[in-house]
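J.: Here's the letter readout for the chains.
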Amino acid sequence: MAKNWWKALTVLLLLYTAVAGLLLPVPRLAILNETIRNLYFHVPMWFGMTIILLTSVVFSIRYLRNPSPRLDTLSHGFAQTGILMGLVGLATGSLWARFTWGTWWTNDPKLNGAAIAMLIYGAYLVLRSSFADDQQRARVSAIYNIFAFAAAMPLFFILPRLTDSLHPGAGGNPAFAKYDLDSNMRLVFYPAVIGWTLLGVWITQLSVRLSLLKQHVHEKQLA
Amino acid sequence: MQKDFRLEWRQRAALSGMLLYVGSTVFVCYLSFALRGGNLPVPAWNALFWIILLFTAVNAVAKGFLQESRGRQLYYYALVKPQAVILAKIGYNALLLLGLALVAFGAYALVLGNPVQDMPLFLSTVVLGALGFASTLTLVSGIAAKAANSHTLMAVLGFPIMIPMLLMLIKISKNALDGLDWSASRSSVLTLVALNLIVGAVSYVLFPFLWRS
Numbered sequence: 001m002a003k004n005w006w007k008a009l010t011v012l013l014l015l016y017t018a019v020a021g022l023l024l025p026v027p028r029l030a031i032l033n034e035t036i037r038n039l040y041f042h043v044p045m046w047f048g049m050t051i052i053l054l055t056s057v058v059f060s061i062r063y064l065r066n067p068s069p070r071l072d073t074l075s076h077g078f079a080q081t082g083i084l085m086g087l088v089g090l091a092t093g094s095l096w097a098r099f100t101w102g103t104w105w106t107n108d109p110k111l112n113g114a115a116i117a118m119l120i121y122g123a124y125l126v127l128r129s130s131f132a133d134d135q136q137r138a139r140v141s142a143i144y145n146i147f148a149f150a151a152a153m154p155l156f157f158i159l160p161r162l163t164d165s166l167h168p169g170a171g172g173n174p175a176f177a178k179y180d181l182d183s184n185m186r187l188v189f190y191p192a193v194i195g196w197t198l199l200g201v202w203i204t205q206l207s208v209r210l211s212l213l214k215q216h217v218h219e220k221q222l223a
Numbered sequence: 001m002q003k004d005f006r007l008e009w010r011q012r013a014a015l016s017g018m019l020l021y022v023g024s025t026v027f028v029c030y031l032s033f034a035l036r037g038g039n040l041p042v043p044a045w046n047a048l049f050w051i052i053l054l055f056t057a058v059n060a061v062a063k064g065f066l067q068e069s070r071g072r073q074l075y076y077y078a079l080v081k082p083q084a085v086i087l088a089k090i091g092y093n094a095l096l097l098l099g100l101a102l103v104a105f106g107a108y109a110l111v112l113g114n115p116v117q118d119m120p121l122f123l124s125t126v127v128l129g130a131l132g133f134a135s136t137l138t139l140v141s142g143i144a145a146k147a148a149n150s151h152t153l154m155a156v157l158g159f160p161i162m163i164p165m166l167l168m169l170i171k172i173s174k175n176a177l178d179g180l181d182w183s184a185s186r187s188s189v190l191t192l193v194a195l196n197l198i199v200g201a202v203s204y205v206l207f208p209f210l211w212r213s
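First to last, the protein sequences are chains C and G. Be aware that the first sequence starts at 1, since it is given in UniProt numbering, and climbs by one per residue. Be aware that the second sequence starts at 1, since it is given in UniProt numbering, and climbs by one per residue.
For the record, the hints were derived by calculation from the structure and aren't laboratory data. All values reported here derive from a predicted model rather than from experimental measurement. Positions of the beta carbon are idealized from the N, C-alpha and C atoms, including for glycine. Don't take each hint at face value.
Said to hold, decoys possible - Taking beta-carbon pairs under 8 Å as the criterion, some of the chain G residues facing chain C (in silico):
1. I163
2. I198
3. F209
Model the full assembly from the supplied sequences, consistent with the hints where possible.
T.: Now the structure itself:
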């Protein structure tokens with residue numbers, strides 16, 4: 001139990017997010033109306049994805065400094081969870097856009113950035129699948145992971161700020177931390193970010209354990 | 001490092017092939033648009049130009065690692081430090097792409113007209129673009145060369161990373177085309193320079209790990 005307190009915390013935070021996020025009062029804003037509650041589900045996905053992909057890059061760097069199959073599996077697992085959270089983020093955002101902008105997808109810097117990020121990590125998975133040799137796969141995909149993150153990720157935070165965007169938080173649209181994120185919403189938003197990120201870590205832990213076990217069984221069969 | 005550069009330069013047999021590639025691509029574009037009377041709207045001119053450059057760059061840089069024999073790589077490995085190899089490759093590729101881009105621009109302006117109003121800004125965009133493409137694609141081609149089916153992988157790995165760079169380039173060159181004041185594009189140019197530096201530095205740090213395997 002002492003080691004698993006954070007799983008209990010995850011469950012509590014997410015329960016709190018779901019209940020409080022759907023029931024507590026939110027500011028009434030034109031157009032946004034009740035869809036503002038998506039802040040508790042959509043935005044934490046991107047926070048969580050960034051944190052988890054960063055963790056994946058950290059494991060890749062550690063792998064290059066000190067190669068071991070375990071670090072490679074960890075980095076791969078975190079990248080996979082990051083992709084999952086990115087896809088959920090795209091889905092929730094798209095659903096939200098349908099009800100506020102009236103369309104599933106528009107040509108917008110933030111949306112395009114998210115799509116490009118998914119393409120990059122799709123390429124990462126393709127790269128991983130095109131090696132026969134385990135060590136080479138681990139090394140080369142670690143290099144690509146670091147390179148792609150360094151080359152593209154800063155841009156997703158800079159580019160949308162250089163151009164006007166329809167997305168909340170840019171171009172004078174109702175934004176985060178300006179006037180609509182009042183202190184009541186903060187009370188739910190920050191726990192939501194922590195909760196969803198911890199959920200991502202949990203998923204990763206399970207998938208990494210599973211693939212480590214699979215590797216173990218595979219090695220036993222070979223022996 | 002200079003020696004390595006010269007070694008690169010010696011295997012330039014593919015250069016004429018690349019020139020022909022650029023020439024025929026531009027001509028195909030010209031013929032495809034000739035139906036509209038040959039004059040493109042300015043944004044389309046810009047976008048088409050950068051797409052031609054993108055594909056040329058991918059093809060030109062891919063030759064760097066993919067067409068190199070295993071024996072020659074071992075020879076380099078014994079001879080020089082990996083940092084020298086990556087710098088020489090980036091430098092060579094940047095010059096190659098710059099040359100190709102200028103030829104492409106010449107041919108393109110010849111057949112499709114030249115709506116550029118701010119020539120210095122446009123040319124510096126082309127220089128920045130050549131540098132950026134070279135430093136991104138050199139490492140990507142090194143990565144792709146290690147894997148099976150490298151040619152497909154080259155495009156799959158390279159394009160998403162290059163999209164942000166390409167967007168900045170298209171934006172700045174659009175400003176140059178419209179003859180806007182320099183101050184309008186200063187922040188984009190600075191971002192692009194910073195991006196080139198980041199990509200170059202990361203390639204420099206990561207390449208030794210790739211080279212070792």
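J.: Each hint should be assessed against the structure and marked as holding or not.
T.: Hints and how they fare:
A distance limit of 8 Å between C-beta atoms decides the matter here; for I163/G the minimum to chain C is near 5 Å, and the interface restraint holds. Hint status for I198/G relative to chain C: holds, with the closest Cβ pair at about 6 Å, below 8 Å. Here the hint on F209/G is kept, as its CB sits about 5 Å from the closest CB of chain C, short of 8 Å.
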